[in-house]
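One-letter residues, chain by chain:
4 protein chains.
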Amino acid sequence: MKALVYHGLGKKALEDRAKPDLRAPGDAIVKVTKTTICGTDLHILRGDVATCAPGRVLGHEGVGVVDSVGAGVNAFRPAERVLISCISACGKCEYCRRGMYSHCRTGGWILGNAIDGTQAEYVRIPHADTSLYPIPPGADEEDFVMLSDILPTGFECGVLNGRIEPGATVVIVGAGPIGLAALLTAQFYSPSEIIMVDLDDHRLEVARRFGATRTINSKDGRTAEKVRAITAGRGVDTAIEAVGVPATFLLCEELVAPGGIIANIGVHGTKVDLHLERLWSANITITTRLVDTVSTPMLLKTVQSKKIDPKPLITHRFRLDEILDAYDTFECAAGTGALKVIVEA
Amino acid sequence: MKALVYHGLGKKALEDRAKPDLRAPGDAIVKVTKTTICGTDLHILRGDVATCAPGRVLGHEGVGVVDSVGAGVNAFRPAERVLISCISACGKCEYCRRGMYSHCRTGGWILGNAIDGTQAEYVRIPHADTSLYPIPPGADEEDFVMLSDILPTGFECGVLNGRIEPGATVVIVGAGPIGLAALLTAQFYSPSEIIMVDLDDHRLEVARRFGATRTINSKDGRTAEKVRAITAGRGVDTAIEAVGVPATFLLCEELVAPGGIIANIGVHGTKVDLHLERLWSANITITTRLVDTVSTPMLLKTVQSKKIDPKPLITHRFRLDEILDAYDTFECAAGTGALKVIVEA
Amino acid sequence: MKALVYHGLGKKALEDRAKPDLRAPGDAIVKVTKTTICGTDLHILRGDVATCAPGRVLGHEGVGVVDSVGAGVNAFRPAERVLISCISACGKCEYCRRGMYSHCRTGGWILGNAIDGTQAEYVRIPHADTSLYPIPPGADEEDFVMLSDILPTGFECGVLNGRIEPGATVVIVGAGPIGLAALLTAQFYSPSEIIMVDLDDHRLEVARRFGATRTINSKDGRTAEKVRAITAGRGVDTAIEAVGVPATFLLCEELVAPGGIIANIGVHGTKVDLHLERLWSANITITTRLVDTVSTPMLLKTVQSKKIDPKPLITHRFRLDEILDAYDTFECAAGTGALKVIVEA
Amino acid sequence: MKALVYHGLGKKALEDRAKPDLRAPGDAIVKVTKTTICGTDLHILRGDVATCAPGRVLGHEGVGVVDSVGAGVNAFRPAERVLISCISACGKCEYCRRGMYSHCRTGGWILGNAIDGTQAEYVRIPHADTSLYPIPPGADEEDFVMLSDILPTGFECGVLNGRIEPGATVVIVGAGPIGLAALLTAQFYSPSEIIMVDLDDHRLEVARRFGATRTINSKDGRTAEKVRAITAGRGVDTAIEAVGVPATFLLCEELVAPGGIIANIGVHGTKVDLHLERLWSANITITTRLVDTVSTPMLLKTVQSKKIDPKPLITHRFRLDEILDAYDTFECAAGTGALKVIVEA
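Chains as they are written, first to last, in my numbering: chain A, 7 to 351; chain B, 7 to 351; chain C, 7 to 351; chain D, 7 to 351.
Just so you know, these hints were derived from the structure itself, not from any lab.
Heads up, none of these hints are tricks.
No copy is singled out in the list; a pair is fine if it fits within one copy or between any two copies.
Subject to a maximum C-alpha distance of 30 Å in a straight line, what follows is the list of computed DSS-like cross-link-like pairs (lysine-lysine):
1) Lys-232 - Lys-312
2) Lys-232 - Lys-277
3) Lys-8 - Lys-18
4) Lys-307 - Lys-232
5) Lys-277 - Lys-225
6) Lys-313 - Lys-40
Nothing here was measured: the structure is a model prediction, and the numbers come from that model.
Only chain A is shown next, with the shape it has when bound in the complex (with noise of 0.2 Å):
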């Protein structure tokens, strides 16, 4: 099968690999049908993600069709349509018990990671049951590509963890697409305010049509000056943080009113200056979060309801054999506005 495989710092190439076998009773193999790139698959090819080899079959995101399955696996049958989730869950350990499935024991972001992931025709998912999901009859594949990560991610670790309520005023700083996530999800609480904070002028465009009520270009530095004008002087009750740099995170200490609530998305490379000095009696609440993926069944009842529309992150197309010209098109988003782009296998 055709694959799209690591081979160390800044290398990659699509290479024909064996198709996966069924290892663990709890093994499903699924033929992909739809996967996408992440921001954190350009991580790896960076050299920041020490947990991944060179010969990893990259992705963590797709959908596709169950090809076979192991004998414990009770959810799903061969030809059944699948979302996979990034996050693979045994369900059953500590930290599965409390919802923390990104700290499975056995399982978390292992997928194209730890193991061989989705970019490729076939890919094996461990405990099938617990990070598979079924797709509804009639579903439009391309919307749940979305619910593999990047939905959730903005959800659970931006919008969840930020606790938005109704009337809240809400800055994310970062209009990428996880941020545009964020910012699509913080919608489910009708916020008063979600103003958005980026140093690209379109992608602040982007986020006017993505529901945005204000929008600021950083770049003259008066941020925290323009947002305390809008919030009578408070700062916000949420600030997400959606870059994952120093500056950002400082940005977010300056915005956040007493009360309020610093909820963390960005993957950080390098620690940030917390101003405890200011900040010890401001009353506020500051969270990290590897998404869990546990909001997916709610969150497949909000597409399916139409609640929410994941479709404008979807940006462009590519077949399975021009996967280099689609990480050339998501890397340069920049240039070619590159959002999400759905790979068709």
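Keeping the supplied structure of chain A fixed, place chains B, C and D upon it in accordance with the hints.
Below, chains B, C and D alone, put in the same frame as chain A:
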């Protein structure tokens, strides 16, 4: 009347001052019967608290007897015994309605800071209806002095924010009075382990008497290793920071388990490093809080029903005209073993 | 001044009454500009409300302009436009501190019940600081009349108590004004389904315009069967009772799924059968509540930011000297299609 | 093997039965070392449990040693000591993912009901990975028998649903084994008062030894009056129903304070009157629950760390071949003083 007055960096004096008058309909004048000294008073004397101007009567804790009340005070009458909350709360502003009395628009921590305080024979209490509490007949006044600040601070900032549950593992870094207050009130929720960390063996011995299940002297730099050994390698569910310096906050970052909480109590004078390059994916929560004293009614019930005994927090007793000695004793806690000192007016 | 006065069972009259005076430091006198009629006013006229004595000026909703304030009122000044809450709250008693304004020791629902109400040119508002809300410049007064009672009632008793979540299934039994207020505010949380149940096809059509995803006329007795068909046999996550008779509460018992909630809004005059022989093992929750109006600040923000449009609740408008016609129109809702009527003073 | 078999209304016998076999990959066969008898077993014998057919081996509690496991079992190996949960949970279905194991699509309370149970030498446990718990080395097996059902039932249905807080007032109606389990676990949260109500003075004396702060014999019909006297006229924050008949549920309706909770544990055979004509405005919550045993990991920690001592719940001990005597002793609790009886297999 006699009053302990702050005179700028490092200077204080016991002086004669005019007895305070009612200024607003919501004010009460309280004759102080017992007060105490807080670590924050020492911060003021070190010049760390910009809002406290020279000439200010210090003190924000105490019990007393109502002397007179304004026309708008409904809940109290002269001659009633009362507990003085360290936080003044109007009960009406947006913050008070959300239970964030610490950020009351016209209150918060103002006693012995922005207005004259309790280390005097009389004190004016604004917003008396929502800033005083009745002392039930027969109750021990000394116990109630511990309810002005130290018990609600340990409880709200450490225990409530730390969401301690039955069977949980807890670390408290800092075995001073505030760490001990967190230790006492953490036991309301029956955690399995409360590990107390400090540099002073005497304080750790006190901590064991107060209910710590284990103690660690952190001077050998092996605290994280020892806590991992106790917690099967996971770290603790809740890490309470009760010191206020970067090293102890950093230790909490090392000790907290995935899914855990760092509840900050310490008053920090400088920023700290937040290691998001490791913690971004650890599903942790960090909280800060200036005590709101919203839990005072609950704590009153636990003291009255003997669920907690605040008495061992009190190590020394002085008369108001000995208050300079009381400061010396409290300040040299390492030598005197002082926790809280009672000053009788 | 003109006032609508209750004269015992079935009797009311528009009369001349003395303008009210300030009685306590916390009082305000408000010149009423717009008021409305509530189902509870009809209950009083039917003799159901023992606390309301003949001679009482009716009405507990409205907006107006501050005429005068007592010495203890800090938040309001004469000539300011204000929203009058149906619940008076001292902000200080044990219940107010817990957000249960409905059970305030010296307040609660007293307007137009234990003290004279708003269906008059002027009204005295006790505890004005915590029972009035400022109307922002430019805001529509009529919208704000809906914030006195009906919107917080539908929201707090139905939606908040019903813990509605994105993707959830909701039934609202009763499509009268209060059921419609629950319907409007339930949409803050993006449930998948809001099924409206009533006996009146016209009201169900109105409900569809207000956002119901489905409607069921319950007169054929097959409502439970239909709801099971919609919910794959499970029942609903939240059943909101918005009528107040045994039959509709029993229907909610039939409709609620395992793990679900019955949130009662209805004013009941008689006991109901609770089928614990079936429900003891169904992991359900039943809640009751007299509106606390603690959500009024939140609801104000949602109205100002256009997350909700209360206007369609208003079907008729009258002058104060036409208030008897207004009562007739409101009482004969089946014929007139009346939801809420505005009475201009 | 020997097994206690149900033979229809009022009939049971100790018989020889074939040792059970593994049927599904997730099954385990457990050699039972200690089991016990539950009030529900008596319900079955009275014909109250339609799902339990004649020929069924009774019993849903116990500890044992793993004899064999299916290919899909990962967490347990033969010869390991295990606690058997009264609830079987697949860990995968919609209900299990929400922590509602009691409503597991292929589990729930099936042991000794829909499938053969634990009052035998061997038992087949479906979904073994999520329905068994390891017994730590050195732990007391008898204590762990109390963790199969009675402690999680008292804790989840009574204490967790009753949201007991430090300083709260609690009533528990019914001082049988399940009421006492609620009493023991309620103390995790340090309420001020736990008032135990029963008709039997001996049981009330036992309750005092278990930690009740007050006891009331309800036979004089003055319980509500006495509870009002204790609670300054308000009623209790939490009323736990631990009997299962209309009179005791009605008593809880009388005892609960505004804003309080009625947490039902009792197994009811008939409907009860819910006095909504009084309670509609009382801001109360009523909960029902079949135990989910999701709290078992937490309870294990509290037992291991000695926060709770289940031993006093055990009053009698028998061998498996004396199990008919054990039933007699348990059934005649009024005469024998039996709480829980241990049966050694």
